Each structure stands twice: as structure tokens, then as C-alpha cells.
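Chemist: Sequence:
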Amino acid sequence: GNPYFRYKTGEKEHTAWFLDGVTLYNQVKIAMDNNAKGFALWRLGAEDPTIWKVLKNPIEAQKNPDVLHKITSLDEVNYAGHGEILQIENERQNGLRDFKVGKDGYLTDEVYQSLPSAYEVQRSGKPNGKQVVLTFDDGPDPKYTPEILDILKENKIKAAFFVLGENAQLSPSIVKRIYDEGHEIGNHTFKHPNVADASLLRTKLELNTTQRLIQEITGHSTVLFRPPYEADANPDSSNEILPILRAQNMNYTMVAEKVDPEDWATPSTNELVKRALNPVYKGEGNIILLHDAGGNRTHTVEALPIIIKELKKHGYSFVTISDLMNKERDEI
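Quick note: the sequence shown uses our numbering, first residue 45, plus one each step.
Since the hints were derived computationally from the structure, they do not count as laboratory data.
One thing to keep in mind: the hints can contain errors.
Derived pair list, reagent style DSBU-like, types lysine-lysine, alpha-carbon separation capped at 30 Å [to be verified]: (1) K170 <-> K302; (2) K302 <-> K197; (3) K197 <-> K326; (4) K326 <-> K174; (5) K220 <-> K187; (6) K147 <-> K73; (7) K353 <-> K170; (8) K147 <-> K202; (9) K147 <-> K100; (10) K81 <-> K100; (11) K357 <-> K170; (12) K200 <-> K248; (13) K235 <-> K187; (14) K353 <-> K326; (15) K302 <-> K200; (16) K187 <-> K147; (17) K170 <-> K200; (18) K302 <-> K318; (19) K353 <-> K200; (20) K174 <-> K52; (21) K235 <-> K220; (22) K187 <-> K100; (23) K73 <-> K107; (24) K174 <-> K197; (25) K73 <-> K100; (26) K235 <-> K302; (27) K220 <-> K353; (28) K356 <-> K170; (29) K302 <-> K353; (30) K174 <-> K81.
Here are the simulated distance ranges between beta carbons [claimed, not checked]: (31) W86 <-> L118: 17 to 25 Å; (32) T59 <-> D142: 16 to 24 Å; (33) G263 <-> E210: 47 to 55 Å.
Note that this is a predicted model, so its numbers are computed, not measured.
The beta carbon of each residue, even a glycine, is placed where N, CA and C say it ideally should be.
Required output: the full structure, derived from the provided sequences and hints.
Modeler: Here is the structure:
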């Protein structure tokens, strides 16, 4: 018979029967034994991925049904919760099933030992009402970071700075100023690599070196992390999950964003303001990503006071990442 599973809704028990790679194997065998000219599949998108092992080369699959024991997990990500602070709750896992090969060549007695599962990401940090967090990546820069700090100080706003170790090493006094003026500091690696392409050893070296610099300069550690290139709050593949997972295993918390005006591409000041404000007004996100280093940031410096003024005018207040986490700054 076909595989099935049972579940309850209240006291009522249900049984759901389904088809999978094993049942398709048997169907293909029947078709081949009857000289069928081909096969068709309905419906795409809901199939057991192991069926492609059968359909790709039916003759070879019939010789080696053991390829159907392992059920490879799809490279997908499931989400729970709301906010732009991310925690990986479960890693991607392959599934496993057993079955017997009968004397007639058909597969029987199928039992699932474990089910394949996708990554599960828990979102948190949804703000209370109209609250916004300003974050800056890639600094410090000897020219632009002090200008940004002056603007923030004038407007009595605390922000988060995700520093690069190599820049912190060159401008320790600016890092000290960031911390002393009440802002948060996060780890953005040492040399800005794509963590998904780096080895685990390189990743640890990047984060640990930057952490030691932050500790030496400020007298405090940080648990905040944002990977280069992959700051989006909607990671949807292993490449985007890997940096988060590696940092999480080192006790960091991933701070993502949903408002990226791409100031690194140096749009005009007016365009930059528009890109920063519109997603916030639409309710798409509350953590804004800007850059205080890594290129000409003149337009970022020019746009920042306008962004602040417009958001305040529309009733928004500026909070910190620790506020979203319901913690004190010294806890992060």
C-alpha cells in the first residue's frame, strides 16, 4: 500500500495517504515492464524531491533503489515571529526512510525514520508603534563617522555602528567616541569578506580579531553581528543562513534590516532620503541600514538630518537595538 500518516484534530483522528519517491519507483517499474514510452508528473512543486532520482535515469534507478533511502532537505527557510533580529531555531536536516525490495523488484514496507526539515528562523524585535533604529556599517571613517556622530548628538539620537576591525584599528579614538556617546557597537568582521564563501577558520578569525579590538578600545564586548553583503531580514538560502549560523554558534545575535536605501551606490541626496523613508512609511521595516565608510558618504551625511527630521515629523521615535531586545546596552 501507499505510505500514510495520522493526525488528530481534537478527538477526531485523520489518515492522510500520499505518494512519494518509493511509490513512483514502483509506478515507473510497472510502466517500463509494459513498454511505456514516457512518464508525466503532476503536479510540480509538491513532489518528493527523490522522484527526480527515479525519473532522471529510470534504468539506473531500478538497479539501485538504495538512492531513495536519503531524502535531501530542500534549500528553504521557514520563519516565525516578527522583527529584524534573527535567531536560527533549527538547522536544515535530511530525512531517512527504510523499505524492503521484494522478489519481484517492487519496494514494500516503507517506513519514515525521520522527516526532512528546512531552516527555521525566529524573528524578534518588532517595535512598539512608530519606532526606528538607525544603523551604520563599514566604519569607522575618519571623515564621515565624526560628521554622523555630530548629527546624532545634535538630535539626541542613539544608533548602532557595525564596525570593521581593520577600520577600528586605524581609528580607535572614533570607536571610543561611538561608545562613550551612548551608541551601540556591533561586529561587522575584520576585512569585510563574504562569510558564506569563507572557511570556518577564517570566519572565526574575522570575528574574534574584531571582538578583541572592540574590547581593547571600549572595555566592553559586543554580541551584535551583521554579516557583510547579507544583512537582509529575509534570508532564503543556505548562503544567506550560513553567516548567521556561524556567528550564532559564537554567541552573536544577528541584526538584520528591512530598510536598505543602498547608499553605497551613492544615489543623490534626495533619492537616498526617499529610499530610506518610503519603506518605513509603508510599514515594511524599522531598522535602517546606512554606511559611514567604504566610499564617498557625502550624500549619506547630507541625507541623515533630513531623514531624521522627516521621521520625527511623521511621529516616529528613534530607539536602539537593545530597546528592541528589551535589554540594557551593557547586556549586548
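Chemist: All hints, please: hold or fail.
Modeler: So, going through the hints one by one against the coordinates:
1. K170 <-> K302: The given pair, whose Cα atoms are some 12 Å apart, holds under the 30 Å limit.
2. K302 <-> K197: holds, 25 Å
3. K197 <-> K326: holds, 28 Å
4. K326 <-> K174: holds, 11 Å
5. K220 <-> K187: holds, 15 Å
6. K147 <-> K73: holds, 13 Å
7. K353 <-> K170: Within the cut-off at roughly 23 Å; holds.
8. K147 <-> K202: Roughly 73 Å between the alpha carbons, so the hint for K147 and K202 is violated.
9. K147 <-> K100: holds, 24 Å
10. K81 <-> K100: Given that 30 Å is the threshold and the Cα spacing comes to 15 Å, the pair holds.
11. K357 <-> K170: holds, 21 Å
12. K200 <-> K248: Violated: K200 and K248 sit about 35 Å apart, past 30 Å.
13. K235 <-> K187: holds, 19 Å
14. K353 <-> K326: Holds, at roughly 18 Å.
15. K302 <-> K200: holds, 24 Å
16. K187 <-> K147: violated, 78 Å
17. K170 <-> K200: Between K170 and K200 the Cα gap is close to 22 Å, so the pair holds against 30 Å.
18. K302 <-> K318: Holds, at about 15 Å.
19. K353 <-> K200: Holds - the C-alpha atoms of K200 and K353 are around 12 Å apart, at most 30 Å.
20. K174 <-> K52: violated, 41 Å
21. K235 <-> K220: holds, 20 Å
22. K187 <-> K100: violated, 59 Å
23. K73 <-> K107: The hint holds at about 11 Å.
24. K174 <-> K197: holds, 21 Å
25. K73 <-> K100: holds, 14 Å
26. K235 <-> K302: holds, 24 Å
27. K220 <-> K353: Measuring from Cα to Cα gives roughly 27 Å; hence the hint holds.
28. K356 <-> K170: Roughly 19 Å separates the two Cα atoms, so the pair holds.
29. K302 <-> K353: holds, 20 Å
30. K174 <-> K81: Outside the cut-off at roughly 62 Å; violated.
31. W86 <-> L118: 17 to 25 Å: Holds, since W86 and L118 (Cβ atoms, about 19 Å apart) stay within the stated range.
32. T59 <-> D142: 16 to 24 Å: holds, 20 Å
33. G263 <-> E210: 47 to 55 Å: Check failed, 21 Å falls outside 47 to 55 Å.
Of the hints listed earlier, those the structure fails to meet are numbers 8, 12, 16, 20, 22, 30 and 33, in rising order.
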